[in-house]
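Use the sequences and the hints to build the structure in full.
Residue numbers (my numbering), protein chains in the order written: chain A, 1028 to 1181; chain B, 1028 to 1181; chain C, 1028 to 1181; chain D, 1028 to 1181.
Hint data in this document are derived by calculation from the structure and do not stem from the laboratory. Where hints are given, some of them may not hold.
For chains that are exact copies, the list does not tell them apart, and a pair is met inside one copy or across any two.
[Claimed, not checked] No more than 27 angstroms apart at the CA atoms, straight line, and that leaves these computed lysine-lysine pairs for DSS-like:
1) K1169 with K1153
2) K1032 with K1058
3) K1153 with K1058
Number of protein chains: 4
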Amino acid sequence: MELSKERAEFLARDFSRGFIAYCGFAADEVKRGYFRSSLRLRPEHRQQDGFVHAGVMAAMADHTAGYAGFTLIDEEHQILTIEFKINFLRPAQGDSLCCQSRVIREGRQLLVAESEVFATGEHEEKETARALVTLMAVPGAKLSAGDQVLGLRE
Amino acid sequence: MELSKERAEFLARDFSRGFIAYCGFAADEVKRGYFRSSLRLRPEHRQQDGFVHAGVMAAMADHTAGYAGFTLIDEEHQILTIEFKINFLRPAQGDSLCCQSRVIREGRQLLVAESEVFATGEHEEKETARALVTLMAVPGAKLSAGDQVLGLRE
Amino acid sequence: MELSKERAEFLARDFSRGFIAYCGFAADEVKRGYFRSSLRLRPEHRQQDGFVHAGVMAAMADHTAGYAGFTLIDEEHQILTIEFKINFLRPAQGDSLCCQSRVIREGRQLLVAESEVFATGEHEEKETARALVTLMAVPGAKLSAGDQVLGLRE
Amino acid sequence: MELSKERAEFLARDFSRGFIAYCGFAADEVKRGYFRSSLRLRPEHRQQDGFVHAGVMAAMADHTAGYAGFTLIDEEHQILTIEFKINFLRPAQGDSLCCQSRVIREGRQLLVAESEVFATGEHEEKETARALVTLMAVPGAKLSAGDQVLGLRE
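Printed below as a string of structure tokens:
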């Protein structure tokens, strides 16, 4: 399945809503199986030591991976994160963060993406986090069903 | 080492700074090797489908685990997150989130904590995420050294 | 769905095949949503420093979690591991290992289990590893389809 | 620090001991920050469905990552696995497995490596698993101290 220009533009706009808009993450590039986002760093992204909070990088790695997944599914489906794991490679400083996510397993239902987060300062860019993210494509109609999503038995 | 009343109160106040204050997370209970936090849910915590964004739960699981770690180290040290993994057990809805973190490996340098995130609605509380978090205690003086933190060779 | 005595006995026998039999893992207890296994330690379970190899504990945590999952699905389905994460809490020594796995998310398709591995010596038992395991229930008939399993697109 | 020919040869020999020799894993290539290993598949590497057991790939991903770490530390230190996470991308079949591990964070104490496991059949090679592995370099002298390793408080 190709990624149409319209779909790519829709996903770039759709990327920044709710928590993601509140944090300031923005879409930068959309390709089939690939998504790149960025964040201009503000004081509210820091933790107690002045570095970027791990939670900021985790949210970015997760959400960008999810949208890399969206480039591979049709408009009837939504992407949910099943789980992810993230390694923080060095404390993140600088002016902005950038995240690249690539789908490394393309399934109809289950997708796996890898995200790399980079911090950019005046003179350099360094990788600050690497994540593996497991995603699931769910029919959009199912999402209104709340706990029924993903076939939970309760 | 005991956890003094003063230290516990300091950690409860210190918990909500920078990104954590911006998101609205608050400390609820502090014990030796244990930390509990909560979040009153607002529209900016949601993702595109109306559920709480995975990044919110990840930030909460990570930060609460870190402060569970702080209850076991002295004031000369800081806690950094090395990595974490989080499973999302069901979509999170309701009025508020609560997170409990317990240290399951207490080391001088390396600590491991487990976090459980619960969503609370009108009539019920359900576990929505479970995380394993690897933490490192670092001498506070080292943190100003930026990339030298954690002994990175570059 | 109840777990019948016959099904529990079948799963206990079925547990030790192929790689698992080769390593020497055995089933100890089977309950609905729960599985316990053990391993009598031999020299071939060690790594270069004399401790139990991390791979032994990982295989045990994964396989025992999978069988905890089997107690919750019908006989037409098989369990596959989607991914897992394991923290090694201390070097493992002693005479034997024991692993307890509990399903913490019961879904029709997706299950999540937590595994705890303990090393037992003359006088004590200590937790040596903790894992979170994501499992998928797949119709048995699909498994012969190889790469088609899990809906891989290629 | 360079990787001497003698050290590389030593690590290639040292790779296959204990559990790793028992499973049949062998070193194929050793470079600074990189290690490649392989496994000729035998019936005892399978699980109940005929595919390679997840535990085999996990042990391979972990151990090969550890030896990629060994190429970056001096002979006075040993490598221990702190934790790892592995995603299984497709069921593994074929004649042999190959694993490539690269260190993506080089620290004096903490190292992070990424492992890719491939299954090779008659006509093709496919990635079957991807792992992120957190490693710690520990002074060899400390390893005899058992539980004191890694500064565990007990």
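Results of checking the hints against the structure:
{"no.": "1", "hint": "K1169 with K1153", "verdict": "between (40 angstroms within a copy, 20 angstroms between copies)"}
{"no.": "2", "hint": "K1032 with K1058", "verdict": "within (9 angstroms within a copy, 43 angstroms between copies)"}
{"no.": "3", "hint": "K1153 with K1058", "verdict": "both (23 angstroms within a copy, 23 angstroms between copies)"}
The structure shown violates none of the earlier numbered hints.
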